[in-house]
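Visitor: Quick note, the sequences are listed as chains D, E and F, same order. 1 is the number of the first residue of the first sequence in our numbering; add one for each residue after it. 1001 is the number of the first residue of the second sequence in our numbering; add one for each residue after it. 2001 is the number of the first residue of the third sequence in our numbering; add one for each residue after it.
Hints are computed from structural coordinates only; laboratory data are not their basis. Treat the hints with care, as some may be off.
Dumping the calculated DSBU-like pairs for lysine-lysine here, alpha-carbon to alpha-carbon at most 35 Å [said to hold, decoys possible]:
1) D:Lys106 x D:Lys88
2) E:Lys1158 x D:Lys106
3) E:Lys1158 x D:Lys88
4) E:Lys1093 x E:Lys1072
5) E:Lys1126 x D:Lys43
6) D:Lys90 x E:Lys1158
7) D:Lys33 x D:Lys43
8) D:Lys68 x D:Lys106
9) D:Lys33 x E:Lys1126
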Amino acid sequence: MATEPATETTLQGPAAWEAEAEREHVHGLGPWKLGLRRLRRNKIALLFGFLFILLVAACIAAPLWADKVAKTTANANHLSDTITVDGKEKNVVGLDGVPVGPQWWKADGKFFLGADRNGRDIMVRLLYGGRNSLEIGVVAAVITTILSIILGLVAGYFRGPADVVIRALLDVMWSFPVIILGVALGVALALGGLKLGPIKLAGDSLAIPIFIIGLVYVPYMARPVRGQVLSLREKEFVEAARAQGAGPIRIMFTEVLPNLASTMIVFFTLLIANAILLEAALSFLGAGVQPPSPSWGTMIDEGVDRIATAPHLAVVPGVMLVLTVLSLNVFGDGVRDALDPRAKVRLER
Amino acid sequence: MGRFIVRRVLQMGFVMFAVSLLTFFIFNVIPNGDPAVRMAGRQPTETQIEAIRKEWGFNDNIFVQYFTMMKKVFTGDLVSYFTQLPVGDEIVKGLPRTLSLAIGAALLWMFVAICFGLYSAMRAGKFADRFLTIIALIGISMPVFWIGALMNYYLGYKAGLFPNGGYVEFSKDPIDWAYHLILPWTALAILFIGFYSRVLRSNVLDTINEDYVRTARAKGLTERQIMVRHVLRNSLIPIVTLWGLDFGAVVGGGAILTETVFDLQGVGQYAADAVGQLDVPPVLATTLFAAFFIVLLNAVVDIVYAYLDPRIRLQ
Amino acid sequence: MSAPPSGEPLLTVEDLRVSFATEEGIVQAVEGVSLSLRPGEILAVVGESGSGKSVTAMTLMGLTRSPNARFEGTAHYKGTELVHASEDELRRVRGAEIAMIFQDPMTSLNPVMRIGAQIVEQIQEHEALPDQQAKERAVELLDKVGIPRARERIDNYPFEFSGGMRQRVMIALALSCNPSVLIADEPTTALDVTIQAQILQRMRELRDETGAAIILVTHDLGVVADIADRIAVMYSGRIVEQGTLDEIFYDPQHPYTWGLLGSIARVDRPRPERLPAIAGLPPSLANRPDGCHFRPRCPHEFSKCVEVPPLETRVQGEPGHRDRCWLGPDDKKERREVRPGEIGLEAKSEAGAA
Chain D
1 MATEPATETT LQGPAAWEAE AEREHVHGLG PWKLGLRRLR RNKIALLFGF
51 LFILLVAACI AAPLWADKVA KTTANANHLS DTITVDGKEK NVVGLDGVPV
101 GPQWWKADGK FFLGADRNGR DIMVRLLYGG RNSLEIGVVA AVITTILSII
151 LGLVAGYFRG PADVVIRALL DVMWSFPVII LGVALGVALA LGGLKLGPIK
201 LAGDSLAIPI FIIGLVYVPY MARPVRGQVL SLREKEFVEA ARAQGAGPIR
251 IMFTEVLPNL ASTMIVFFTL LIANAILLEA ALSFLGAGVQ PPSPSWGTMI
301 DEGVDRIATA PHLAVVPGVM LVLTVLSLNV FGDGVRDALD PRAKVRLER
Chain E
1001 MGRFIVRRVL QMGFVMFAVS LLTFFIFNVI PNGDPAVRMA GRQPTETQIE
1051 AIRKEWGFND NIFVQYFTMM KKVFTGDLVS YFTQLPVGDE IVKGLPRTLS
1101 LAIGAALLWM FVAICFGLYS AMRAGKFADR FLTIIALIGI SMPVFWIGAL
1151 MNYYLGYKAG LFPNGGYVEF SKDPIDWAYH LILPWTALAI LFIGFYSRVL
1201 RSNVLDTINE DYVRTARAKG LTERQIMVRH VLRNSLIPIV TLWGLDFGAV
1251 VGGGAILTET VFDLQGVGQY AADAVGQLDV PPVLATTLFA AFFIVLLNAV
1301 VDIVYAYLDP RIRLQ
Chain F
2001 MSAPPSGEPL LTVEDLRVSF ATEEGIVQAV EGVSLSLRPG EILAVVGESG
2051 SGKSVTAMTL MGLTRSPNAR FEGTAHYKGT ELVHASEDEL RRVRGAEIAM
2101 IFQDPMTSLN PVMRIGAQIV EQIQEHEALP DQQAKERAVE LLDKVGIPRA
2151 RERIDNYPFE FSGGMRQRVM IALALSCNPS VLIADEPTTA LDVTIQAQIL
2201 QRMRELRDET GAAIILVTHD LGVVADIADR IAVMYSGRIV EQGTLDEIFY
2251 DPQHPYTWGL LGSIARVDRP RPERLPAIAG LPPSLANRPD GCHFRPRCPH
2301 EFSKCVEVPP LETRVQGEPG HRDRCWLGPD DKKERREVRP GEIGLEAKSE
2351 AGAA
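I would like the entire structure built from these sequences, with the hints used as guidance.
Guide: And the structure:
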């Protein structure tokens, strides 16, 4: 492509190479731009990412729906109320105890997805429950990430006694299956709440499942982080920074952390997905969100009891849960593919 | 190899001790309020609370408390405050059920995951691969208790294809035993199939690009020989350890959800019921049991891995 | 050196072209490479990274086949055409007739399989030898390549050997079925210089003993000077010069070759101020200049260079010596001598015109 003869014998060494690169129009795309470009091409991942955002937006808009459309709240009982459908009166909860199924728009949006055994509007509970589930999921994921980074960095970078202690701690935590640990903590804290020094939490505070879930996943992320820090530590650019006199904190922030970023991003999306699932499991067992607060897990719990008579009670929150988690998983998968430099079989002619 | 095993077993003992400390910490130290009140469950009476306090040594210092708790657990002196039945007996009764569920599901998921994962890897990038990936992703997105409940209802109760939950002893009727477990096995396996097929696919794709596979091809081996002797074998080694860990986690806790939904009356369901009643002794005992099981399995898994990958044991 | 290679060519490559479809477009890795190899001959294929030398070597064994690869041209080996052969035909050839030694001995051996088992695997693939005998042969081979205590070490794993030892294991593996052609892809690049000498020595001895022909792919001219009979210099997918060892070293015809020779640090000359290097970079594989690919870096470029120079014999009396440079032989003799007695690639300053 370049046709100028290379008679610039005055320019040698790196400068000549730069000039060459300029002429050849080779612009180095950083790994982030490259990743973004690859992600943009992955239509399915983008679609599901968008779906997730939609679901989150819907949950955030819970009060809107509750006020304007369903005209009720998440916990309001309508046991003895009736609704007008096609001109006829229908009991919200029938005399046999069976609540009404999804009405869709037939009653002006009231009981859009039906009612539960206490006569509560499922759609409203679904959205408010979604708020809880999502809040727990995201905040727990953040807690896990921060703790994992700190522990992983300290253990991997400084090694020595700190590493031994942290590893032992992680080993012990790792030995508790996620559910059992969550259950144990949930039970222990449900009655009286938490009191650890200055931190005081009521038994039904949302902070408790957040704290439990956030803690439980730490070993799953801290280990890979530590592993990556271990290998990054040996790389030349870290040695170079050290030789320049940079202190450990500075090195950790400027050299190590950015290289962990892609792993962490992928992990984070998957963490949210798993945290949401764990919250549902814990709530299902009674060790998570405490009634009457709604969450997808508690709703499924209530629904499973009555699955024979009113299947929609279990199906609705479950589908919502699956869609949310699925969209996170597909998107997270797409992000991982995009950031992975080793692109596997991609193009075929 | 022997030295490695000894080292690992010692480590295991240490971790178990630490686990017991942590459990004690969780149940007695962190929570707010009077441990005796907590122990007594919902709506206790004053005499109950006082009796519990004496029994568990809550009036004494923290070391005594720990020892008392450990003594009670290991001498089988734990009694549920709700059912009045000894905890140890219940656990022993429930163990074969939990193990039946866990082992069956584990074998099922392993087999299916290897098939899916290998097929996916060999058709990487093509439609079959994408399709299986979506299926796998759906699998890991479904809460096991939800899909289990739906399966139980629609396939068991409504369609009558399968029994509506419950457990039959293997010794009484092996066929019926399996028949009752098919749905629970499937429900439990779905999540892991999704996860493991993708891990295997990823491992296989990585391994296929390794230099030694190229060397194997240069030797003139057939694709099948290369796949089995070099690719699959090397791809499965890390999976074996994961599998062991997950199996431990299932017995230790994941089974809770499936047992509850299908009413299998295993250790998991026992724990779940106790949770609902805030009945501490069973929860305490099952927590320790679960954790110990996992620690044991961790050690076994490490030893098996060292056997499979000589680099680990000889360095 | 021992008896010169002779006889009919064992392997004839004609106009080999290999291209790959990548994210950046179609990459022509090999553009019309033709070679021939006679029994017992050591042919060195020299070039930078990206010159296409490894792709050429691996294509001969069908190791570059993939859904996004396209091949043209032919490679005839003892009557079988290799480039478009079926997998079954190729499998027959691999290991038994043509064997390969790869660049990185650390990763080229299966880490969880004993080396004895890996050698036996190849032997039993091509010959119906029972386990015990196959293992015996493996022990002999290890011994022959210079692995001490071969009988004990045959059950060791690859990580229990040093890099040089591992490469010897690979050589033993390659020779296990007495192939007629050995392709060595940068066999010493991952090794220390001292080990390098030993490995090359061993390879030459094996050629003398077994009569196998060797294709040695490397970027290191120093390695080549030691053992090659003939040399093919590749640049950007094409062979730009080929000839005997003496022809290339003493009568190089292509400016790229001059650059390569000129950039070797010489012990027998006064130290230069700066290590001479060829200015610029090889063209990106997807975007090459028209005509001669070396144009942008060549100080001797002139108007005819926009046409692709064919690979032809241009020197009287050296029929096997071909190159791709439009300059006349006398012109070349003059331009390549940048200093008295020194070959290199530099533009002549006006003052220094010879």
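Visitor: Does each hint fit the structure? Answer for all of them.
Guide: Outcome of the hint check:
no.	hint	result
1	D:Lys106 x D:Lys88	holds, 11 Å
2	E:Lys1158 x D:Lys106	holds, 28 Å
3	E:Lys1158 x D:Lys88	holds, 30 Å
4	E:Lys1093 x E:Lys1072	holds, 19 Å
5	E:Lys1126 x D:Lys43	holds, 16 Å
6	D:Lys90 x E:Lys1158	holds, 27 Å
7	D:Lys33 x D:Lys43	holds, 17 Å
8	D:Lys68 x D:Lys106	holds, 16 Å
9	D:Lys33 x E:Lys1126	holds, 26 Å
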